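Given the coordinates of chain V, assemble chain U onto it according to the supplied hints.
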Amino acid sequence: MTSGLRVNGLHKRFGDIEALRGVDLEVPRQQLVGFLGPNGAGKTTTMRGILGLVAMDAGSVTWDGRTMTEEDRHHIGYMPQERGLYPAMKVHEHIAYIGRLAGLDRQTASRRAHDWADRVGLADRGNDLIQELSTGNQQRVQLAVALVHEPELMILDEPFAGLDPVAVSMLTDVMAEQVEKGASVVFSSHQLELVQDLAEHVTIVAGGQTQATGTVADLRNRSNHRQLEIHWAGEVPSWSPPDGAARDAPPGVSRFVVPAGSDAAVLIAQASAAGPLAAVSYEPPGLDEVFLELVNS
Amino acid sequence: MNWIMVKEVAAREVRTRARTRSFRVITGILVAAAIIGPIVGAVWPDGGDDLREVTVGLVDVDETTRQQIVAFAEGSLDVAFQDYTGVPPAAVDQALSDGDIDVALEAGPTLVWNRETDFEIAGVLFAVLQQQEVLVKGRALGLGPGDIAELLTPTQVEERFADEFGESDEVATGVAFVGLMLALNIPILFGQMTMMGVIEEKATRVIEVLLGHVRPRTLLLGKVLGLAALGAAQLVVVVGGLTAGLLLTNAIDIPASVWQFVPIILVSLLGALAIYNTLFALLGSLVSRQEDASQVIAPVFIPLLAGFLVANGALVGDAETTLVKVLTLFPLTAPLLLPVRVARDVIAPWEIALSLALLVLGVGLLIRIAGRVYEFTLLHTGSRVSWGQLLRLSRGATLD
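In order, the protein sequences belong to chains V and U. The numbers in numbering that gives the first Met the number 0 rise by one with no breaks, and the one at position 129 of the first sequence is 128. The numbers in numbering that gives the first Met the number 0 rise by one with no breaks, and the one at position 31 of the second sequence is 30.
Everything labelled a hint here was simulated from the structure, so no lab data went into it. Given the structure is predicted, the values throughout are model-derived calculations rather than measurements. Using N, Cα and C, we set each Cβ at its ideal position, and we do this for glycine too. It cannot be assumed that every hint is accurate.
Claimed, not checked - Short, incomplete list of chain U residues facing chain V, as computed with Cβ under 10 Å:
{"hint": "1", "residue": "11"}
{"hint": "2", "residue": "13"}
{"hint": "3", "residue": "14"}
{"hint": "4", "residue": "16"}
{"hint": "5", "residue": "111"}
{"hint": "6", "residue": "115"}
{"hint": "7", "residue": "204"}
{"hint": "8", "residue": "206"}
{"hint": "9", "residue": "378"}
So here's chain V without its partners, still in its complex pose:
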């Protein structure tokens, strides 16, 4: 039995468009999973399928090994890609309202609304209308709304879009806290460096299908390429590895992409023969390059 969320073989067609053609996604308990894909890959449709907002044509969504029920869905915190808030409601009132709909009693909903407004940095804006807040602050409210009922599973669709660095830091802290407390978190984002730093596991979808899934390190190591970066102690020589392709680099530095099977020691030896080395790195490509490789393939 898998603990947490498991999505298996989701298919969904909208008229002539086949939005999902077999999406698999696993979000174990107490893990933070990045759900990546280009625009139109099927991320949002998959998330809506998990939430029961869109009926799937085929596939399954299970929670702790059994088909996800309506009751299970009450324990999901959802932050949609396009912010979903009532513009004419006050901040505290809105957070508490969603808490009430999620089943909290009036006192608890009110208390949590104040707590979460504080936590997302809106302690002094509780009585302001949503429409009076900046876009970034509205996203903070959206996060509080998603968390007010302390969900077991958080589904965040592009949570970092449009946030300033301070808000990004607050959000990543909150996500980590929730995982620490026992929640499972899945989020989509196009900010791949952030995903690489934040997520333990990543699932990449493209064309309505899951293309790859695993830990960030796993996916990077699975790449057919490696990045060789050499900082020269003197003038940059004209050397390049036999099967390597040069990439743009700052002065005094050479960058190459080489096949994954290349022997790093041999390459370093060849380079040092061409000129004095200051520093060398040989590592798998970053998540952004892995992502592009997978999507383009």
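What follows is chain U alone, placed relative to chain V:
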């Protein structure tokens, strides 16, 4: 149905709508008008006895005739005179042509009109001349003054009306008209509020968050009931203001019979709010943007306006036609027809009961259908849901 959630959704609707500036302003204006209206009506000069003013030109007519004309015209015409004795006939004709006088009475007697006989004036003048003729002929026949007076005593004719329209009917008709106007306008006001609320939830995508916690039907019912409650509250405040205004001025003595059908008007209005709020919500779910609302709103106005026109006709005309009776039973028009037929006292108690029962059933059925449609249309974005798709959804089909 989770009634706690319904109540929560309804409470939110009431809270957020009641504090909008537009709602407060409209309510304030309505209450002010309800209180001030009767007060203004009570202190405003009533403009006299409203008798028609006519001018009679007299040519060689004596003072007795003049007095008789005034006496005969009392209560029907306000008569003024201009003396044209010694004036050439052409000048009299010119006065008629210019409208300075309505008729000229020449000794003879002759009545001179401009083009057509005015039968209201002619009735008075003929009666005067007829009386003078009787006097002359009576004397010629040797009748004494007592006999002649006896002859001239007007016959006492009692009048009876099959469809008696007394003061209490006037008040009842007035109340029914107010009820009719409310039944037309309140569903439009609160229905559009409901519709805009639904579209706002779709446009802002807050619906995606809500549906994670509540079912579409719960959401729909909460919204419909919340705004219906707000409408009812506004109604109570306005009617309370009107009653206060009437009591303050003591302007109208409202008969007990009128108070008896006020509850039926209020129940009808509640039914109208419930059924039209549901309909507006359903249609609002078909579009994704507020600017597209006009594409789907038209069907609501067909029964509303048809009901209003028929009810308005029944208010002063025949309130027992087959069309009026049928529309009294049709849930979408019943709230408009019921108050009128009750006010006209042309409806049997069983018809009232049946009409209200069908209204309640209609609300229930529409909420059921709307709930089914709502599940699919709430998350539908982009182009609006077509009427064909709506029909399929209402029959229980699904959309791609």
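Consistency of the hints with the structure:
1. The beta carbon of residue 11 of chain U is positioned within 10 Å of a beta carbon in chain V (closest approach about 6 Å), and the interface hint is therefore held.
2. Checking residue 13 of chain U against chain V by beta carbon gives a least distance of about 13 Å; that is not within 10 Å, so the hint is violated.
3. For residue 14 of chain U, the interface hint holds, since its Cβ comes within 10 Å of a Cβ in chain V; the closest pair sits about 8 Å apart.
4. Given hint, residue 16 of chain U at the interface with chain V, holds; its Cβ is 9 Å from that chain's nearest Cβ, closer than 10 Å.
5. Restraint check, residue 111 of chain U versus chain V: the minimum CB separation of about 74 Å is more than 10 Å; hint violated.
6. For the restraint placing residue 115 of chain U at the interface with chain V, the shortest Cβ-Cβ distance is roughly 65 Å, beyond the 10 Å limit, so the hint is violated.
7. Of the supplied interface hints, the one on residue 204 of chain U holds, with its beta-carbon coming within about 4 Å of a beta-carbon of chain V, less than 10 Å.
8. For residue 206 of chain U, the interface hint holds, the least distance from its beta-carbon to any beta-carbon of chain V being 7 Å, beneath 10 Å.
9. For residue 378 of chain U, the suggested interface contact is upheld, since its CB lies about 6 Å from the closest CB of chain V, less than 10 Å.
Figure legend: structure checked against the earlier numbered hints; hints not met, in rising order: 2, 5 and 6.
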